[in-house]
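*Asks:* Residues per chain are reported as follows:
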Amino acid sequence: MPKLSKTVIPMMDRVLVQRIKPQQKTASGLYIPEKAQEALNEGYVIAVGKGLVTQEGKVIPSELKEGDKVLLPPYGGSIVKVDNEELILFRDSEILAKLQ
Amino acid sequence: MPKLSKTVIPMMDRVLVQRIKPQQKTASGLYIPEKAQEALNEGYVIAVGKGLVTQEGKVIPSELKEGDKVLLPPYGGSIVKVDNEELILFRDSEILAKLQ
Amino acid sequence: MPKLSKTVIPMMDRVLVQRIKPQQKTASGLYIPEKAQEALNEGYVIAVGKGLVTQEGKVIPSELKEGDKVLLPPYGGSIVKVDNEELILFRDSEILAKLQ
Amino acid sequence: MPKLSKTVIPMMDRVLVQRIKPQQKTASGLYIPEKAQEALNEGYVIAVGKGLVTQEGKVIPSELKEGDKVLLPPYGGSIVKVDNEELILFRDSEILAKLQ
Amino acid sequence: MPKLSKTVIPMMDRVLVQRIKPQQKTASGLYIPEKAQEALNEGYVIAVGKGLVTQEGKVIPSELKEGDKVLLPPYGGSIVKVDNEELILFRDSEILAKLQ
Amino acid sequence: MPKLSKTVIPMMDRVLVQRIKPQQKTASGLYIPEKAQEALNEGYVIAVGKGLVTQEGKVIPSELKEGDKVLLPPYGGSIVKVDNEELILFRDSEILAKLQ
Amino acid sequence: MPKLSKTVIPMMDRVLVQRIKPQQKTASGLYIPEKAQEALNEGYVIAVGKGLVTQEGKVIPSELKEGDKVLLPPYGGSIVKVDNEELILFRDSEILAKLQ
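Residue numbers (numbering that gives the first Met the number 0), protein chains in the order written: chain G, 0 to 99; chain A, 0 to 99; chain L, 0 to 99; chain R, 0 to 99; chain W, 0 to 99; chain U, 0 to 99; chain F, 0 to 99.
It should be emphasised that the hints constitute simulated quantities derived from the structure, not laboratory data.
Remember, it's a predicted structure, so these values are computed and weren't measured experimentally.
Don't take every hint at face value.
Among chain A residues calculated to face chain L with C-beta under 8 Å, some are [claimed, not checked]:
#1 Leu29
#2 Gly66
#3 Gly75
#4 Ile78
Computed beta-carbon distance windows for the label pairs [to be verified]:
#5 R:Asn83 <-> U:Lys5: 52 to 58 Å
#6 G:Pro72 <-> L:Gln17: 35 to 41 Å
#7 L:Lys64 <-> A:Gly56: 31 to 37 Å
#8 F:Glu85 <-> W:Ile31: 32 to 38 Å
#9 L:Tyr43 <-> U:Gly75: 47 to 53 Å
#10 F:Leu29 <-> U:Ser27: 38 to 44 Å
Just so it is clear, CB atoms sit at the ideal spot from N, CA and C, and this is done for glycine as well.
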């Protein structure tokens with residue numbers, strides 16, 4: 000998990016995620032050319048907002064927590080740069096699944 | 000049902016489905032050319048999310064459970080690869096019917 | 000009503016319908032050419048889902064039941080093939096009227 | 000009001016209406032050419048559904064009843080043929096006004 | 000206010016309005032050419048429906064009553080002809096303001 | 000604030016606003032050419048409707064009152080002419096901020 | 000934080016933000032050409048509206064307060080000029096995250 004100089008607290012039902020980078024070398028140490036590297040749709044949860052605020056003002060906390068490994072949608076999310084680290088902010092409802 | 004190295008827990012009202020592959024051989028063992036194979040819109044439920052979260056924060060569990068045989072819509076769903084196995088994540092409300 | 004090898008249980012507020020085929024012969028036995036056959040917008044209800052699930056999780060059962068004769072909308076519905084029989088899945092709210 | 004061989008029971012908040020045909024002859028018996036006949040946007044209510052089903056499953060009956068004379072919107076409605084009689088199914092909320 | 004041969008009862012939250020025709024003559028009696036006549040966006044309320052029916056079936060009566068002078072939106076409304084008189088049906092929420 | 004011959008009572012959650020005209024002369028009395036005059040997005044509240052009517056029929060009064068100085072959105076609002084005075088009707092939720 | 004001659008009170012769930020300007024000089028005092036200056040998506044909260052008004056008229060106050068450092072979305076917001084200072088009005092739900 001990245002050590003950030005600033006704490007990023009996602010607002011409402013947003014979730015901050017770091018995408019898992021595809022393997023750059025084969026098991027035997029050979030470099031995999033960028034084009035052959037399969038874009039992974041997996042990532043780690045870095046931070047979770049307090050939750051969805053309903054029409055009645057009720058807060059519905061997310062199912063996710065820091066450290067969870069998740070399956071990401073092919074589209075969506077806002078890319079944000081913190082300390083030159085590229086992270087992504089998704090809405091809780093955009094995350095497809097948890098991976099264990 | 001596929002043996003996956005990772006457990007995939009669909010989020011919210013999502014359902015993980017494996018599409019039933021069309022028959023590749025006739026009863027008498029002849030290979031059916033790919034074009035003649037009729038795409039099946041049937042599949043097995045692999046995993047079910049906890050359910051739809053309503054505006055009041057209530058959780059409405061799905062009618063479906065692991066192992067159910069279902070009728071799939073012609074479109075929709077997110078294709079996800081787990082251990083090179085192609086699975087599909089649908090919203091519970093996209094599934095057309097159960098088959099018994 | 001068609002004898003199906005599988006039971007099809009429509010999900011939620013869906014209704015499975017078999018469209019009534021237009022008459023192919025006149026009363027005196029003459030064949031009506033396909034173009035002259037008037038597409039009927041009537042059908043029989045084969046199966047009914049448990050009903051619409053509201054935002055509060057309440058289930059509102061359909062007004063329809065197996066065997067009802069209904070008036071179908073000109074568009075909409077998902078065509079599904081079961082045992083080579085072409086059936087149509089409509090949302091309960093798409094059905095125009097009951098015929099008695 | 001048309002004598003129909005089948006009873007048509009509109010579903011939910013639908014209303015079955017027969018459009019009033021424009022006068023084909025002047026008072027003194029002269030035929031009015033079709034183009035000069037002014038399309039009337041008035042009709043009679045033939046049958047009324049049980050009413051709008053709300054998100055909580057409550058049924059809100061229509062203000063209209065069989066025999067009411069109504070003002071029709073220029074667009075909308077589904078044309079249905081029953082015993083070769085052309086009728087129109089509107090949603091209750093599409094009807095503009097009652098005429099007395 | 001126009002004397003109509005039929006009573007028009009607007010449905011639900013609709014309001015029947017007669018648009019005020021622009022002045023055709025100047026104070027000193029000169030005819031104002033049609034192009035110079037400024038289209039007025041004012042009118043009189045002729046009839047008011049029972050009111051908006053909410054999702055719970057509650058009826059919210061309109062703020063308007065017969066005879067009110069109102070400010071009309073530049074667009075919207077359905078033109079209806081009653082006894083050759085051109086009137087307009089607006090939704091209650093389309094009316095901009097009352098004029099006193 | 001303009002003296003109007005008619006009272007304009009905005010309907011529901013509407014607010015009647017008069018846009019503040021940009022300065023036409025510099026402090027030392029020089030005329031500022033129209034193009035150089037910076038369009039102001041500020042205005043005074045002339046009148047306020049009774050408020051937003053919710054789905055349950057509850058009325059939510061506006062935060063604004065007659066005489067408030069407000070920040071206007073770049074778009075939206077309906078221009079209305081009263082006694083040749085150009086005023087603008089906004090929805091309460093379109094007003095950006097109050098200025099004190 | 001800018002000293003404004005007027006107090007700007009955002010309406011409802013709006014938040015007034017001042018965008019943090021990118022560094023114009025390197026640590027060693029060299030000027031960074033405008034094109035090389037990386038647009039920052041960070042800003043300070045100047046003022047916060049009373050909060051979101053729900054369908055029932057309940058007010059849900061914002062999570063943010065004056066002085067908070069926030070992460071801004073790449074799009075959205077209304078640019079407003081106060082005392083020649085360029086500020087931005089966002090809806091509370093548009094703000095991506097808080098930075099500490």
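*Asks:* Compare the structure with each hint and give your call.
*Replies:* Hint-by-hint comparison with the structure:
no., hint, in the structure
1, Leu29, "20 Å, violated"
2, Gly66, "15 Å, violated"
3, Gly75, "11 Å, violated"
4, Ile78, "20 Å, violated"
5, R:Asn83 <-> U:Lys5: 52 to 58 Å, "57 Å, holds"
6, G:Pro72 <-> L:Gln17: 35 to 41 Å, "38 Å, holds"
7, L:Lys64 <-> A:Gly56: 31 to 37 Å, "34 Å, holds"
8, F:Glu85 <-> W:Ile31: 32 to 38 Å, "48 Å, violated"
9, L:Tyr43 <-> U:Gly75: 47 to 53 Å, "52 Å, holds"
10, F:Leu29 <-> U:Ser27: 38 to 44 Å, "42 Å, holds"
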